[in-house]
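So the chains spell out like this:
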Amino acid sequence: AQRVTQPEKLLSVFKGAPVELKCNYSYSGSPELFWYVQYSRQRLQLLLRHISRESIKGFTADLNKGETSFHLKKPFAQEEDSAMYYCALGDSNDYKLSFGAGTTVTVRA
Amino acid sequence: GAGVSQSPSNKVTEKGKDVELRCDPISGHTALYWYRQSLGQGLEFLIYFQGNSAPDKSGLPSDRFSAERTGGSVSTLTIQRTQQEDSAVYLCASSWDRGLTEAFFGQGTRLTVV
Numbered sequence: 001a002q003r004v005t006q007p008e009k010l011l012s013v014f015k016g017a018p019v020e021l022k023c024n025y026s027y028s029g030s031p032e033l034f035w036y037v038q039y040s041r042q043r044l045q046l047l048l049r050h051i052s053r054e055s056i057k058g059f060t061a062d063l064n065k066g067e068t069s070f071h072l073k074k075p076f077a078q079e080e081d082s083a084m085y086y087c088a089l090g091d092s093n094d095y096k097l098s099f100g101a102g103t104t105v106t107v108r109a
Numbered sequence: 001g002a003g004v005s006q007s008p009s010n011k012v013t014e015k016g017k018d019v020e021l022r023c024d025p026i027s028g029h030t031a032l033y034w035y036r037q038s039l040g041q042g043l044e045f046l047i048y049f050q051g052n053s054a055p056d057k058s059g060l061p062s063d064r065f066s067a068e069r070t071g072g073s074v075s076t077l078t079i080q081r082t083q084q085e086d087s088a089v090y091l092c093a094s095s096w097d098r099g100l101t102e103a104f105f106g107q108g109t110r111l112t113v114v
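First to last, the sequence lines map onto chains D and Z. For the first sequence, counting from 1, position 58 maps to 58 in this note's numbering; every step adds exactly one. For the second sequence, counting from 1, position 14 maps to 14 in this note's numbering; every step adds exactly one.
Since the hints were derived computationally from the structure, they do not count as laboratory data.
Reference listing, derived: stretches of chain D covered by chain Z, where coverage requires no fewer than 3 residues with Cβ under 8 Å from a Cβ of chain Z:
{"no.": "1", "segment": "40–50"}
{"no.": "2", "segment": "100–106"}
Facing chain Z, a subset of chain D residues (Cβ under 7 Å, in silico):
{"no.": "3", "residue": "Tyr86"}
{"no.": "4", "residue": "Lys96"}
{"no.": "5", "residue": "Leu97"}
Between beta-carbon pairs, the in silico distance windows are:
{"no.": "6", "chain 1": "Z", "residue 1": "Glu68", "chain 2": "D", "residue 2": "Thr60", "range": "38 to 44 Å"}
{"no.": "7", "chain 1": "Z", "residue 1": "Asp18", "chain 2": "D", "residue 2": "Arg53", "range": "43 to 49 Å"}
{"no.": "8", "chain 1": "D", "residue 1": "Arg53", "chain 2": "Z", "residue 2": "Gly3", "range": "22 to 28 Å"}
{"no.": "9", "chain 1": "D", "residue 1": "Thr5", "chain 2": "Z", "residue 2": "Arg110", "range": "26 to 32 Å"}
{"no.": "10", "chain 1": "Z", "residue 1": "Asp18", "chain 2": "D", "residue 2": "Thr68", "range": "37 to 43 Å"}
{"no.": "11", "chain 1": "Z", "residue 1": "Glu14", "chain 2": "D", "residue 2": "Ser30", "range": "45 to 51 Å"}
{"no.": "12", "chain 1": "Z", "residue 1": "Ala2", "chain 2": "D", "residue 2": "Lys15", "range": "30 to 36 Å"}
{"no.": "13", "chain 1": "D", "residue 1": "Ser52", "chain 2": "Z", "residue 2": "Gln83", "range": "37 to 43 Å"}
{"no.": "14", "chain 1": "D", "residue 1": "Thr5", "chain 2": "Z", "residue 2": "Asp18", "range": "31 to 37 Å"}
{"no.": "15", "chain 1": "D", "residue 1": "Ala109", "chain 2": "Z", "residue 2": "Asp63", "range": "47 to 53 Å"}
{"no.": "16", "chain 1": "D", "residue 1": "Gln42", "chain 2": "Z", "residue 2": "Arg64", "range": "28 to 34 Å"}
Here a beta-carbon is modelled for each residue, glycine too, at the ideal position from N, C-alpha and C.
Using the sequences and the hints given, assemble the complete structure.
In structure tokens form, the structure reads like this:
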């Protein structure tokens, strides 16, 4: 079964400080990992996916299969990064897409 | 429109009544997902469709919940005999292909059971 764990419900950082959101997964298939973000009063939307190996809005995430982790990082947080972040797990052989419980990030001035 | 559309946006219903929530996915998207977003509970998977079939219904909270999808397009989530604990935001998403492609979300239906 797919399982995604985000251990932190709330994360508060100061502007300019680094931020890291943790995500661990358990899955025996071929995992595809994503980070989704929901800004205030907006729809949930894709932030980045591991297969793209890209940096979006200064965020990066590295898939570590040994530690079964996909932590999201940004070296210098901005106030506009305040949002709810969800880690998600998909499979290239299946349609199921499972999400973690989410982490609410607040960036203080 | 080009995005995922859900209706109604808000629904207030009395305990014990049945409700139907509708989702219009992006045209051509094979996969359709229903999730429930509760305060402090994150995003709870309910069910997904692969075309018109639902291979995994294990996420439905109880037998009061059911969903169907017709014509590989519109989906309806039905909650019978609503309870106060059913109050939440119900999100629908669709994607072009299997789990490695981006899922596009609707704006959600906020259900309040009084």
